[in-house]
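Colleague: In case you want the letters, here they are:
Protein chains: 2
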Amino acid sequence: MATPETEQKVEGEQVINPWEVSAKDGGKIDYDKLIEKFGCQRIDQTLVNRIEHLTSRPAHIFLRRGVFFAHRDFKEILDLYEKGEKFYLYTGRGPSSEALHLGHLVPFMFTKYLQDAFKVPLVIQLTDDEKCMWKNLSVEECKRLARENAKDIIACGFDISRTFIFSDFNFIGGAFYENMVRVSKCVTFNKVVGIFGFTNEDHIGKISFPPIQAVPSFPSSFPHLFSDSKDLRCLIPCAIDQDPYFRMTRDVAPRLGYHKPSLIESSFFPALQGETGKMSASDPNSAIYVTDSAKAIKNKINKYAFSGGQDSIENHRKFGANLDVDIPFKYLGFFLDDDAELEHIKTEYGAGRMLTGEVKKRLIDVLSELVERHQRARAAVTEEMVDAFMAVRPLPNMFS
Amino acid sequence: MATPETEQKVEGEQVINPWEVSAKDGGKIDYDKLIEKFGCQRIDQTLVNRIEHLTSRPAHIFLRRGVFFAHRDFKEILDLYEKGEKFYLYTGRGPSSEALHLGHLVPFMFTKYLQDAFKVPLVIQLTDDEKCMWKNLSVEECKRLARENAKDIIACGFDISRTFIFSDFNFIGGAFYENMVRVSKCVTFNKVVGIFGFTNEDHIGKISFPPIQAVPSFPSSFPHLFSDSKDLRCLIPCAIDQDPYFRMTRDVAPRLGYHKPSLIESSFFPALQGETGKMSASDPNSAIYVTDSAKAIKNKINKYAFSGGQDSIENHRKFGANLDVDIPFKYLGFFLDDDAELEHIKTEYGAGRMLTGEVKKRLIDVLSELVERHQRARAAVTEEMVDAFMAVRPLPNMFS
Numbered sequence: 001m002a003t004p005e006t007e008q009k010v011e012g013e014q015v016i017n018p019w020e021v022s023a024k025d026g027g028k029i030d031y032d033k034l035i036e037k038f039g040c041q042r043i044d045q046t047l048v049n050r051i052e053h054l055t056s057r058p059a060h061i062f063l064r065r066g067v068f069f070a071h072r073d074f075k076e077i078l079d080l081y082e083k084g085e086k087f088y089l090y091t092g093r094g095p096s097s098e099a100l101h102l103g104h105l106v107p108f109m110f111t112k113y114l115q116d117a118f119k120v121p122l123v124i125q126l127t128d129d130e131k132c133m134w135k136n137l138s139v140e141e142c143k144r145l146a147r148e149n150a151k152d153i154i155a156c157g158f159d160i161s162r163t164f165i166f167s168d169f170n171f172i173g174g175a176f177y178e179n180m181v182r183v184s185k186c187v188t189f190n191k192v193v194g195i196f197g198f199t200n201e202d203h204i205g206k207i208s209f210p211p212i213q214a215v216p217s218f219p220s221s222f223p224h225l226f227s228d229s230k231d232l233r234c235l236i237p238c239a240i241d242q243d244p245y246f247r248m249t250r251d252v253a254p255r256l257g258y259h260k261p262s263l264i265e266s267s268f269f270p271a272l273q274g275e276t277g278k279m280s281a282s283d284p285n286s287a288i289y290v291t292d293s294a295k296a297i298k299n300k301i302n303k304y305a306f307s308g309g310q311d312s313i314e315n316h317r318k319f320g321a322n323l324d325v326d327i328p329f330k331y332l333g334f335f336l337d338d339d340a341e342l343e344h345i346k347t348e349y350g351a352g353r354m355l356t357g358e359v360k361k362r363l364i365d366v367l368s369e370l371v372e373r374h375q376r377a378r379a380a381v382t383e384e385m386v387d388a389f390m391a392v393r394p395l396p397n398m399f400s
Numbered sequence: 001m002a003t004p005e006t007e008q009k010v011e012g013e014q015v016i017n018p019w020e021v022s023a024k025d026g027g028k029i030d031y032d033k034l035i036e037k038f039g040c041q042r043i044d045q046t047l048v049n050r051i052e053h054l055t056s057r058p059a060h061i062f063l064r065r066g067v068f069f070a071h072r073d074f075k076e077i078l079d080l081y082e083k084g085e086k087f088y089l090y091t092g093r094g095p096s097s098e099a100l101h102l103g104h105l106v107p108f109m110f111t112k113y114l115q116d117a118f119k120v121p122l123v124i125q126l127t128d129d130e131k132c133m134w135k136n137l138s139v140e141e142c143k144r145l146a147r148e149n150a151k152d153i154i155a156c157g158f159d160i161s162r163t164f165i166f167s168d169f170n171f172i173g174g175a176f177y178e179n180m181v182r183v184s185k186c187v188t189f190n191k192v193v194g195i196f197g198f199t200n201e202d203h204i205g206k207i208s209f210p211p212i213q214a215v216p217s218f219p220s221s222f223p224h225l226f227s228d229s230k231d232l233r234c235l236i237p238c239a240i241d242q243d244p245y246f247r248m249t250r251d252v253a254p255r256l257g258y259h260k261p262s263l264i265e266s267s268f269f270p271a272l273q274g275e276t277g278k279m280s281a282s283d284p285n286s287a288i289y290v291t292d293s294a295k296a297i298k299n300k301i302n303k304y305a306f307s308g309g310q311d312s313i314e315n316h317r318k319f320g321a322n323l324d325v326d327i328p329f330k331y332l333g334f335f336l337d338d339d340a341e342l343e344h345i346k347t348e349y350g351a352g353r354m355l356t357g358e359v360k361k362r363l364i365d366v367l368s369e370l371v372e373r374h375q376r377a378r379a380a381v382t383e384e385m386v387d388a389f390m391a392v393r394p395l396p397n398m399f400s
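In the order they appear, the protein sequences are chains V and L.
With my numbering, letter number 98 in the first sequence gets 98, and the count goes up by one each step, no holes.
With my numbering, letter number 90 in the second sequence gets 90, and the count goes up by one each step, no holes.
Don't read these hints as lab results, they were simulated from the structure.
Fair warning: there could be bad hints in the mix.
Under the rule of at most 30 Å between Cα atoms (straight-line distance), these lysine-lysine pairs were calculated in the BS3-like manner [what the hints assert, rightly or not]:
| hint | chain 1 | residue 1 | chain 2 | residue 2 |
| --- | --- | --- | --- | --- |
| 1 | V | Lys135 | L | Lys300 |
| 2 | L | Lys300 | L | Lys28 |
| 3 | L | Lys191 | V | Lys191 |
| 4 | V | Lys230 | L | Lys206 |
| 5 | L | Lys206 | V | Lys191 |
| 6 | V | Lys135 | L | Lys206 |
Restraint-style ranges between C-beta atoms, simulated for each label pair [as the list claims (entries may be wrong)]:
| hint | chain 1 | residue 1 | chain 2 | residue 2 | range |
| --- | --- | --- | --- | --- | --- |
| 7 | V | Ser56 | L | Pro394 | 50 to 58 Å |
| 8 | L | Glu372 | V | Asp387 | 49 to 57 Å |
| 9 | L | Arg57 | V | Met385 | 44 to 52 Å |
| 10 | V | Leu256 | L | Asp231 | 40 to 48 Å |
| 11 | V | Leu256 | L | Ser97 | 49 to 57 Å |
| 12 | L | Val381 | V | Met385 | 41 to 49 Å |
| 13 | L | Val381 | V | Glu384 | 39 to 47 Å |
| 14 | L | Gln375 | V | Leu256 | 34 to 42 Å |
| 15 | L | Gly39 | V | Asp387 | 46 to 54 Å |
| 16 | V | Leu256 | L | Asp283 | 30 to 38 Å |
| 17 | V | Ala388 | L | Gln375 | 46 to 54 Å |
| 18 | L | Glu369 | V | Thr199 | 53 to 61 Å |
| 19 | V | Asn200 | L | Phe319 | 49 to 57 Å |
| 20 | L | Ser138 | V | Asp79 | 28 to 36 Å |
A short, non-exhaustive set of chain V residues, derived as facing chain L with CB atoms under 10 Å [to be verified]:
| hint | residue |
| --- | --- |
| 21 | Phe169 |
| 22 | Met180 |
| 23 | Phe189 |
| 24 | Val193 |
| 25 | His203 |
| 26 | Phe209 |
| 27 | Lys303 |
| 28 | Val325 |
| 29 | Val381 |
| 30 | Met385 |
| 31 | Val386 |
| 32 | Phe389 |
Predicted, not measured: the structure shown is a model, and the values here were computed from it.
Even for Gly, the Cβ is constructed at its ideal location relative to N, Cα and C.
Bound conformation, chain V alone (with noise of 0.2 Å):
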């Protein structure tokens, strides 16, 4: 693996890490630069055949789109599960917000598609422990919001006889504290300042927390949930900004006789405005989220969404729309599961024959009924569910 390189912001460059996605000079992220920086492998289309050949069911939308693009020893845990051995699924979400916006769902849409491709069990983190200390919020709110957060992923679908959500504040103790404190003592302060950019004015809890990210990806540290594997691969579908986190988990996997986890990674799902990095929670008109009514989302994408259609007809059917920043067309990239229609699209948008309008029009459609079949969804989700995903219980890794 590439060493951990010092991701402190140098001016005009692109910053991409837990808590910062900024492109060079305020344009697009690099992806390019970005796996070649990172040192992580790209997603191509051989890779896809395989996994579409070793699932048997078409690729999810995100593979064929390339949302997550990039990965670390993904082709590992594709040849142990090809002889036969199982692997688990790790993924999380710092519950800052109460509201997920569509960004925050595109992780774990990925990741109940691999938990239903492949049959295997899952853990998700809820991160409260970080957020309160990140963020000027106190440890009862935090909590609050994770469980409202574990709802919103609730309703994601996932398989509950496979899946374990817990929260930071709520689970960590016994054999994953241990696992804490073996991760820790492998790394140096001066580390994690190269790998997260921490400096000597920022509090011991920001600094200690890197470890609490990494242990889940160590079967080990969940006794109760995987009895008889403490062998078992991990793989962890995260946006590519989480990338650091594991990469440091991976250097430090061998030295305590660990397995390095397999990571499959995605770009960021981008701002109505524009493709300049992630959504931001602190502007509500930069995303839609899964609490949006149909028409705040109608109004969103028709004032917000940002175009790459001409300023006149004339000019539109004449060059035709750019849809290289066009966020309608971007959104419908990730969202629109019918290849042959989003093939249309293109075509006749980018030849000019298709108007803005009517693919905001489509894209409309097309939110309006994913985040009305999850808000029926949510609906749905008890207290007694979300205990029940939450309940420290032994999860099958077998075939079954």
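Assemble chain L onto chain V, guided by the hints.
Modeller: Frame of chain V, contents of chain L only:
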């Protein structure tokens, strides 16, 4: 309280922190200077008299002889006690070695006296995680040592109905972890560098540890023990090298809406070779261990205990012993409970009428009896008793 001052080493200066105790230029620890530097208060005769009055029993030998010589806000605890308000005791141990030496027993013997005299609950923290992070020891070995050390602690005679012993690896989680996060948020890296002298090359396990020793000072860390007493005050008996942890704790407490813990602090039990620091675990001949045989005790004292006697009998009769440096006399000061007899030895030995051999013989008798009594008590500690002391359960905290 005093602003925590940097404990970083200045050439030739005395250094007192949890990991290093060394006097200026290899001389004796200057406790007056320490009180001034740390900003704590001296325990004077008026305070000792008040304790005797409040507890209706003679002051403990360690109070009468000035072993516990400094405090922070102990008077506040006594004021409240006088008005009928109870408190709880908190002490601890880093379980780094199998056998305890006499210096290790000092805080526990004194804590037992406080528990008996004030009839208060007690929590004892075994920082097995700390030892794992500071020493080249596995998690499993540290957990084993914690349990072995718990047996020696129990052998000191604590009241099981009022005493909860816990190891960090077994106990950390829940409300205790929540307080760890609350404390961590209030302490920057620069701050722990200033208090503990950490460097950028230290691993983040060390940097994240101080809050773990801080939070047993807050009753809300133990909701199952002190369910109805969130305002219960805390008194910490400890050696003064632990003061940096509690300076930090007292600094943070008001910001969390918690009471500052009070402290009662001891000087160091000197090594057999002389009073220039604490005893060294790496040199078995520098200390009397609770596992030593009567024969070993006799041999160590006769062979290694630094004598203040003169080099010839003639000179000794003429000049008398130098009691300021005489280890047998100092050890008797810790453990010979008979004030009149100690005074007699002081006069006779100091005047040269008593010889080193006679003083050593008296010390051998006193320590052999003490160690033998401890060994009998420890042999009677069963695994079931350890489990009972370590069981999470309500502790009575009202007058009984």
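Colleague: Please name the hints from earlier in the document that this structure breaks, with their numbers sorted from lowest to highest.
Modeller: Failing hints, ascending: 1, 9, 11, 27, 28, 29, 30, 31 and 32.
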